[in-house]
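Enquirer: Sequence:
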Amino acid sequence: MNRIKKLFKYDNVGIWFVLPAFIYMIVFVGYPIIYNFILSFQDVTVKTLRSDVKEFVGFQNYIELFQQDNVLTTSIWNTLVFTVMCLVFQFIIGFALALFFNKKFKFSKPIRGLLMIPWMIPITITGLIFKFMFGTDVGIINYFLKSLNLISDNVDWLTNTATAMPAVIFANIWIGIPFNMILISTGLTTIPGELYESASIDGANKFQTFRKITLPLLKPTIESVLILGFIYTFKV
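Its first residue numbered 575, the sequence shown is counted upward by one per residue in the working numbering.
Read the hints as simulated data drawn from the structure, not as lab findings. Some clues are possibly wrong.
[Claimed, not checked] With a cut-off of at most 25 angstroms between alpha-carbon atoms, the simulated SDA-like pairs for lysine to any residue come out as follows:
#, residue 1, residue 2
1, K809, F640
2, K793, I749
3, K780, T795
4, K677, L800
5, K720, K677
6, K809, N644
7, K809, L639
8, K678, T657
As the structure is a prediction and not an experimental result, all values here were calculated from the model.
Starting from the given sequences, assemble the full structure and let the hints guide the process.
Expert: The following block contains the structure:
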């Protein structure tokens with residue numbers, strides 16, 4: 575009996591460590607998904623959202639969604655454009671910064687720390703910052719462009735269909751660059767310096783070293799960065 579209790583005590587320790595995260599996922603991920611799925615079969619308005627009385631309409635909401643002209647296709651297209659553009663530019667800029675700060679030079683660590691600030695700022699604050707920057711009348715972007723005589727009238731960045739998507743993409747790229755940079759920087763630190771020394775002795779140039787050593791050894795890190803970046807960006 576004591577042996578059974580001992581096994582139960584130690585073999586299930588991991589469960590208690592995982593349990594808080596499991597509860598969090600159920601409450602903040604699982605429940606909203608199930609609740610919204612149920613709402614999709616009901617006639618819900620702003621007035622009835624908090625009410626317990628909602629009319630069941632079956633698949634009517636889905637039928638109307640597919641019947642509306644270009645609504646679904648436009649939403650899918652915008653999501654794909656947003657995801658691809660953000661993912662590509664976040665990765666390229668983050669990769670370039672990681673390579674740059676991998677070199678040892680004065681103030682490299684403090685500067686890299688400052689570049690992490692966009693990722694550490696709460697998303698709500700970031701949204702307010704960019705809302706102010708892209709403001710029509712008092713926005714910094716319009717002021718800067720007008721001072722350079724690039725525009726004559728203020729641009730409605732966030733309300734114009736032609737400029738809203740680029741503005742939002744720019745903001746999301748700014749947020750995601752530090753995430754890509756720090757993960758790739760971590761991967762670069764795991765590459766032994768002896769490999770670069772041997773390649774230099776053998777006469778390999780920087781491009782050959784990058785293609786034959788850096789990229790292959792960073793492959794697992796790159797895959798992780800792209801997968802996580804896709805998940806974080808696509809859910810928007």
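Enquirer: Evaluate each hint against the coordinates.
Expert: Hints, one by one, checked against the model:
1. K809 <-> F640: holds (21 angstroms)
2. K793 <-> I749: holds (23 angstroms)
3. K780 <-> T795: Judged against 25 angstroms, a Cα distance of about 21 angstroms means the pair holds.
4. K677 <-> L800: Given pair K677, L800 holds - Cα atoms ~24 angstroms apart, limit 25 angstroms.
5. K720 <-> K677: With a Cα-Cα distance of about 38 angstroms, the restraint between K720 and K677 is violated, given a limit of 25 angstroms.
6. K809 <-> N644: holds (21 angstroms)
7. K809 <-> L639: holds (20 angstroms)
8. K678 <-> T657: violated (33 angstroms)
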